[in-house]
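J.: When you get a sec, could you build the whole thing from the sequences and use the hints?
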Amino acid sequence: MSDAAPIGDGIFQIPVPITDNPLGHTLVYAMESPGGLILVDAGWDDDNAWAGLTSGLEAIGHTVKDVEGVVLTHFHPDHTGLCGRVREASGAWIAMHESDHEMFAHMSTSHDPEWLEYQKANMTRAGAAPADLEAFEKSAAGKPPTGPDSAPDRVLVDDELIALTGRGLRAVYTPGHTPGHICFYLEDADVMFTGDHVLQKTTPHVGNFVYPLEERDALAEFMDSLRRVQTMNITRGLGAHGIPIDDVAGRAGELIEHHEERLDHLHKAFGDDQITVWQVAERMKWYKPWADISPMGKGMALSEAAAHLRHLVARDLVAQVPDSEPAVFARR
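All letters in the sequence shown, in the order written, are residues -19 to 312 by this note's numbering.
Calculated from the structure, these hints are not laboratory results. Remember, it's a predicted structure, so these values are computed and weren't measured experimentally. Heads up, some of the hints might be wrong.
Below 30 Å or equal to it, Euclidean Cα-Cα: the simulated DSSO-like pairs (lysine-lysine) are [claimed, not checked]: (1) Lys123 x Lys45; (2) Lys118 x Lys268; (3) Lys265 x Lys181.
Between beta-carbon pairs, the in silico distance windows are [to be verified]: (4) Ala(-15) x Pro124: 29 to 37 Å; (5) Ala(-15) x Arg134: 26 to 34 Å; (6) Asp138 x Ala294: 20 to 28 Å; (7) Arg150 x Pro(-14): 17 to 25 Å; (8) His86 x Gly15: 26 to 34 Å; (9) Val301 x Lys248: 15 to 23 Å.
By construction, the Cβ of each residue, glycine as well, lies at the ideal position given by its N, Cα and C atoms.
T.: What follows is the structure, given as structure tokens:
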């Protein structure tokens, strides 16, 4: 039996399972549109998730064939994975911000030897040891988390209005968690679908799996996006994971404060040492000891570490040591 249910304001919530993942599920939201239903995100790509989505749609009096379109908060596989199956079943369009289209293409690339060598070279530049590279290679074996058949076929832009039945859903560009993350504002109900930008209990990681450093300052983008959401005075936030957010502005402020404290701690943690991105990640505080984090978890942690390091560089508080290989950084 599905846990899908109406949650007020003409919104239906459908928990779509993420197999063998501590997050448990992605919360997909459905609303009636002139052509059937609009979904906010789609869920992970496997049979268990597909059964959760289709049974959830049936529980709210619809089928997957009723889906007119899917608007995506960002490219990560627990949000985009089922798009291909939805489109095949219903002919739905799939829309995402242009800055995440390229990221999706990289994510869905075949895990062939060339891909693996590229990833290992990046990790080596970040300072990974041979044992870490071996653990990553074992964890990365197999197909990517979703394939090109789930690729979006429409581009969303900031402030775009998606037509619902008698109302609209407005795109709010909130880069940071990913380059193209978007929240969606249901104006008549003063509800925002926050994706992974603001979550009530979880702190979203920032940045992407690019080492040693991205050109963009993802953390600065993220905090600017949090400030943008703060100014909108949203009554209710609905994230892709966890419970509803009853004070979006307050929670955004907590996330900004968390990252400012994290930056301060990291800057102090350098001491007088010259350290790699990998060592930066090791010195940051995580929910469990670094040695106990899985290879996939370390990849996410490295993204977060690189984003914080990049922001310290932008603030001129840390600098890369010239001609170092792998790249090492020191506090100014």
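J.: So, for every hint listed, does it hold in this structure?
T.: Hints, one by one, checked against the model:
1. Lys123 x Lys45: Between Lys123 and Lys45 the Cα gap is close to 28 Å, so the pair holds against 30 Å.
2. Lys118 x Lys268: With a Cα-Cα distance of about 22 Å, the restraint between Lys118 and Lys268 holds, given a limit of 30 Å.
3. Lys265 x Lys181: holds (17 Å)
4. Ala(-15) x Pro124: 29 to 37 Å: Roughly 32 Å apart at Cβ, these two residues keep to the hinted range, so it holds.
5. Ala(-15) x Arg134: 26 to 34 Å: About 29 Å separates the Cβ atoms of Ala(-15) and Arg134, which means 26 to 34 Å holds.
6. Asp138 x Ala294: 20 to 28 Å: Roughly 23 Å apart at Cβ, these two residues keep to the hinted range, so it holds.
7. Arg150 x Pro(-14): 17 to 25 Å: holds (22 Å)
8. His86 x Gly15: 26 to 34 Å: Holds - the Cβ-Cβ distance for His86 and Gly15, about 31 Å, lies within 26 to 34 Å.
9. Val301 x Lys248: 15 to 23 Å: Given about 19 Å between the Cβ atoms, the range holds.
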